[in-house]
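**Student:** Each residue of the sequence shown is one higher than the one before, counting from 1 in full-length UniProt numbering.
Keep in mind the hints are simulated off the structure, nothing from the lab.
There could be a bad hint or two in this list.
[What the hints assert, rightly or not] With a straight-line cut-off of 20 Å between C-alpha atoms, the simulated SDA-like cross-links for lysine to any residue are: (1) K24 with N4; (2) K41 with K67; (3) K41 with L66; (4) K67 with L50; (5) K76 with P58; (6) K59 with T82; (7) K41 with N4; (8) K67 with P77; (9) K44 with N4; (10) K67 with K24; (11) K41 with D73; (12) K24 with R60; (13) K59 with P29; (14) K41 with C26; (15) K42 with I17; (16) K24 with N46; (17) K67 with I79; (18) K76 with N4; (19) K70 with S49; (20) K44 with V30; (21) K44 with R60; (22) K24 with L66; (23) K70 with D38; (24) K41 with V75; (25) K44 with D68; (26) K42 with S61; (27) K41 with P58; (28) K67 with I37; (29) K42 with A83; (30) K44 with E31; (31) K42 with P5; (32) K42 with R16; (33) K67 with S49; (34) K42 with P29; (35) K67 with N35.
[As the list claims (entries may be wrong)] Simulated restraints, written as ranges between beta carbons of each label pair: (36) G27 with P58: 27 to 37 Å; (37) P77 with K24: 13 to 23 Å; (38) D38 with N4: 17 to 27 Å; (39) K59 with G27: 26 to 36 Å; (40) S71 with H25: 25 to 35 Å.
Beta carbons: idealized from backbone N, C-alpha and C, even for Gly.
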Amino acid sequence: MISNPILIVDDEVEMRIAMSETLKHCGYPVELSHNAIDALKKFKENDYSLVITDMTMPKRSGLELLKDIKSLDPVKPVIMATAY
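Could you put the whole structure together from the sequences, leaning on the hints where they help?
**Tutor:** Written out as structure tokens, the structure reads:
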């Protein structure tokens, strides 16, 4: 089991809650972010086991967030998701 939280990034509140509740039910610690800008700030301040991010978000996309994360921590696992 992982000890550091999983960061979930999605601009749609329903998706954030659904993923969060599912992972919490399985015993994983979770933190939420509503956009890529907020997520990057949190990523710089905390150690996450995994980042799960939506691809399509306003202002900055999940792909831009992925590039930012990989420039800071090239081995950090990131799962990209989309509703499309």
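**Student:** Find the hints from earlier in the document that the structure breaks and name them by number, from lowest to highest.
**Tutor:** Hints 5, 10, 12, 13, 14, 22, 29 are the ones this structure does not satisfy, whereas the remaining hints hold.
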